[in-house]
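Model the full structure from these sequences, guided by the hints.
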Amino acid sequence: MANGTPRGNPLRPNDPRALGPYRITARLGRGGMGTVYLADDPQGHPVAVKIINTELADDAAFRARFQREVRSAQRVARFCTAPVIDARLDGEPLFVVTEFVDGPNLAEAVQRDGVMRGATLEGLAVGVASALVAIHNAGVIHRDLKPANVLLSTVGPRVIDFGIARALDTVGDATKTGQLLGTPAYLAPELIAGGEPSPASDIFSWGCLVAYAGEGSAPFDAPTVPAVLYNVAHSEPNLGRLDPALRGLVERALSKDPLQRPSAQDVLNHLVGDTSPDTINRTLAAGFAAPGPAQRPPATGTAWTAPAGTAPQGRPAPVSEQPGTTEVVHASAPEPAGRFAEPPAQAVLPPTHPMPGPQQSWQGPSGGQPTEAWGPRPPEAGPSGPNPALGGPSGPQPPLPGPAAGGRPPGRGGASRRTLLIGGGAVALVLVLVAAAVLVMNPWGPSGPPQNRQSFYADVFEDTDSDWPGSSGYEAGSAASYYGYLDGRYYIREEVDGGVQHVLSPGGGLFPKNLYMEVDAHVEAGPDYAEYGMSCFTMDSDDAELETRYEFLVRVDGQGALIRRVSAAEGTTELATATGVPGLDTTLEASNLLQAACETVDSSVRLRLWVNDEPVLEAVDSEPLPGATDPEGGGTGLLVTRSSGSGDDTIVAFDNYLLCTIEAAE
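For the sequence shown, position 499 matches number 499 in the UniProt record's numbering, and the numbering has no gaps at all.
No lab work stands behind these hints, which were simulated from the structure alone. Please read these numbers as outputs of a predicted model, since none were measured by experiment. Using N, Cα and C, we set each Cβ at its ideal position, and we do this for glycine too.
Distance ranges between label pairs, derived from CB positions:
hint : residue 1 : residue 2 : range
1    : Glu574    : Ala60     : 39 to 45 Å
2    : Ala476    : Pro93     : 27 to 33 Å
3    : Val496    : Asp40     : 53 to 59 Å
Set out below in structure tokens:
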């Protein structure tokens, strides 16, 4: 979304003058998905409003995908982006409202002021890399990183328009082709060949963008689009004038093989140098105002599922067991498409040449992780939930941290106004993301979700081969279909009075002892008393008497929630109950974010439940189930219940499933 100068262009006769509470004041630009306007919110603050083109909004599949993508980007930290503050997801017209970023985009700045050098270029590289860390850690792929989508604000670069293009995948081939050819000079070669976008493809675009800023042209530029595409796929990048301090890193980012590219976190670590958590904590304490209360508006973005990993096989083939009235569905043996111990497109082969400079090893879940020269990379998809806009620096900020001994030399060249725009401000801002285990600011205080989370598994259920049971698909209306993929979601149905339909997520015994999990849940049907939710520390066995798990459940009508301990041998114990669910939206079209933490604390298990970021329940089990103490760890799952009584089957559609390691139990 192009923001830029507040003046914009005059409105045309057919342009709207108001949308809901927003007064339209100027026209900012038009792209493949819609037109962007400058507007004033009810308080008189400038915002950017993108109205989606009518021909796209009329496509039912596009609308459904668009709604999901708008919700996905709420997981992206706001300090390095133009956060979404409002959206119309139904009705006419569809639109998205974002914070207005006052400043030129990178393309305009280079055309006006010339190429960047020294600290200015490094500041840009650091700022955009930090934005990609935040975007990828939220389980989102940008897909269209280019100079026009980087705005140079007074406190650093802001990356915009991440992920929304994914909704175009639902419409016709001509539209998708147009989207592909929109910015060919910044497309990764695997995308030109028809491959799926991944964080690695964003890193390729980052390399192209930094090269553009330092060279004045994209590294694979050519007179025609076919020539550009050929160069991207077959030619070496033109980096002859690029600052030597960045050239080696950019070359790695532009590798034809996505497996050889660094992750966004690797890039950021290399650029900043010092990844000490103590340094970060001191910088945060000195340089940032306390975050204010967070909103949870809709947002745009693309959630993604990592490619198949290389962990050892650990589960039997899918079977169905029914101890009593509970059906347990096991995931399949191969490592799932969603499981990852490393970033997508980087999880199989280590790079040929390890990146020089300081690196930080990440200690993730055990099992099946390739080891590199500097230790395993942190996973790319990360913490979710909205993050507050960080306050600006409270005082003068230090220059870009220098390298450790043996690292790259400092950038050269004099300072300019662009140094103020993207150098000094960006340095302070990105330190929040420098550690290998990314620190997630907690806007909710001690009652909110864990602060330090590192994702290791994500699934948006677009790929029916991601190893959840029911790969043949869920058949709506079929009495024989109880679970499976349908329209980019995972459905679970329970018809038996007093029954529980419990589906285990793929991967089994690789889960950490301190686990955060979340999922979006939409109730398609069910009586008020039905329940749905998640499980953790699950141990399943051919012997039904050995099955155990902890369950987090909310009622369909929002009139209750519970955390319970389930043991086939010992029975079921309710550890905590609530008579209401703060934050739960029970309207017909609502989708609610369920969040839970399962942590081993000394000899006990701490269990916590949130709904839409609102705390609901907390319990402690002083006699942990085996899944919490077993060296291989217990698994996780999704479940739907239907207590005895009249009413329809319980049917719940789940989406955006995310698992994270909690780096330090709270």
